[in-house]
Amino acid sequence: NAGVTQTPKFQVLKTGQSMTLQCAQDMNHNSMYWYRQDPGMGLRLIYYSASEGTTDKGEVPNGYNVSRLNKREFSLRLESAAPSQTSVYFCASSEGGFVVYEQYFGPGTRLTVT
Amino acid sequence: AQSVAQPEDQVNVAEGNPLTVKCTYSVSGNPYLFWYVQYPNRGLQFLLKYITGDNLVKGSYGFEAEFNKSQTSFHLKKPSALVSDSALYFCAVRGDSNYQLIWGAGTKLIIKP
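Residue numbers (the working numbering), protein chains in the order written: chain A, 1 to 114; chain B, 1 to 113.
Excised from the complex, chain B in its bound form (with noise of 0.2 Å):
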């Protein structure tokens, strides 16, 4: 079965420096991968996508992931972290059927000034 890990509870960085947010998955056949983000009290909202082509995806708000066939990743990541970038990020990857996702628990991410 397809799953999806987030190993991170929580990731704090110092607003300015580089932030990852890792996500491992498990899947049988190309994997379907995808990065959404909620903010406090509010529903979640798409940041990007790998389905097809190059590794490196860019997303909204200044994101990027790289997708890593070889040790089975898609870390999120960002140069320069911004205080308003604070929010819970959940990676989601295909599941059995094309029309489901099968969602990480999701990890704080929590930028200091």
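Excised from the complex, chain A in its bound form (with noise of 0.2 Å):
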């Protein structure tokens, strides 16, 4: 039981290079959530999807597109990368949308772009 996986753990981009963080559950949950952390703040969400086949905007979502797969997999994909992107992305998942759900994290993607 690998719980949430995120591939990759690492990636450099050039500014204008596109990219797609794969994502994956194993714990049979409907929802899943991308976030991205920045030093000093908080997450944000860019894009969540409460059940399979729905994606919603979060609040953070220029620049960015999701693709929920499946009921395990969600992908986050940008699609012209920008030094803004810069930071660590977290794919979550929960058994409910609702956010009385307790939330599982991946391990992360370190991204940076120059």
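Read the hints as simulated data drawn from the structure, not as lab findings. None of these values were measured; they are calculated from a predicted model. No residue lacks a Cβ here, since even glycine has one placed at the ideal position from N, Cα and C. Some clues are possibly wrong.
As the list claims (entries may be wrong) - Output of the computed footprint for chain A on chain B, the stretches with three or more beta carbons under 8 Å from beta carbons of chain A:
#: 1; stretch: 44 to 51
#: 2; stretch: 83 to 97
#: 3; stretch: 101 to 111
Starting from the two chains in their separate frames, assemble the complex, guided by the hints.
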């Protein structure tokens, strides 16, 4: 039981390049989330998927797209990376979409855009 | 809009002493409040939550938090700190949507032997 897994762990991109961050969970959770974490700031929600087949914008969705591929997998795509997207990205999942449910986090992806 | 504040960037405590990590919030309606912990190079882990009921909430690893409605606070506490409690602690509150959390900036807790 791996919980929430993310790939890659580290990535360096040049401005304008694209990439997809992968996330998978094996807990049969309905809801999944993508956050970014910047120094001195709390986590900010980029996108979430309350259930399979649905996705919604969070607090900071600009410059990102997501795909809920199936119940297990939720990917985050940067179409044209910018230095402002340098951050640590966390994927999380929860049994239900309502915030009362405990969220389980992956280990994170550290992304640098030069 | 909902917001949460953690007024201390860092808290230093000697091992064996009680610890408190502070959190204050501003919400419209009933607050849903959470504490998570992040160990170095790891994702966040859930500690405890307050939704309704008893103002003193007990959580994982011996932590507890006290909900104080009049002071709009939800401070995290532990009676006797361990070196292994050293980590980054985040307070969070339900946002404008029932699906979103608003996170504090985090407090680094350092427990010295």
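Results of checking the hints against the structure:
Counting residues of the stretch 44 to 51 of chain B whose beta carbon lies closer than 8 Å to any beta carbon of chain A gives 5, which reaches the threshold of three, so the coverage claim holds. Only residues whose beta carbon comes within less than 8 Å of a beta carbon in chain A count, and the stretch 83 to 97 of chain B has 4; three or more means the coverage holds. Three residues within the 8 Å Cβ limit are the bar, and the stretch 101 to 111 of chain B against chain A gives 6, so the coverage statement holds.
Hint violations for this structure: none, all hints satisfied.
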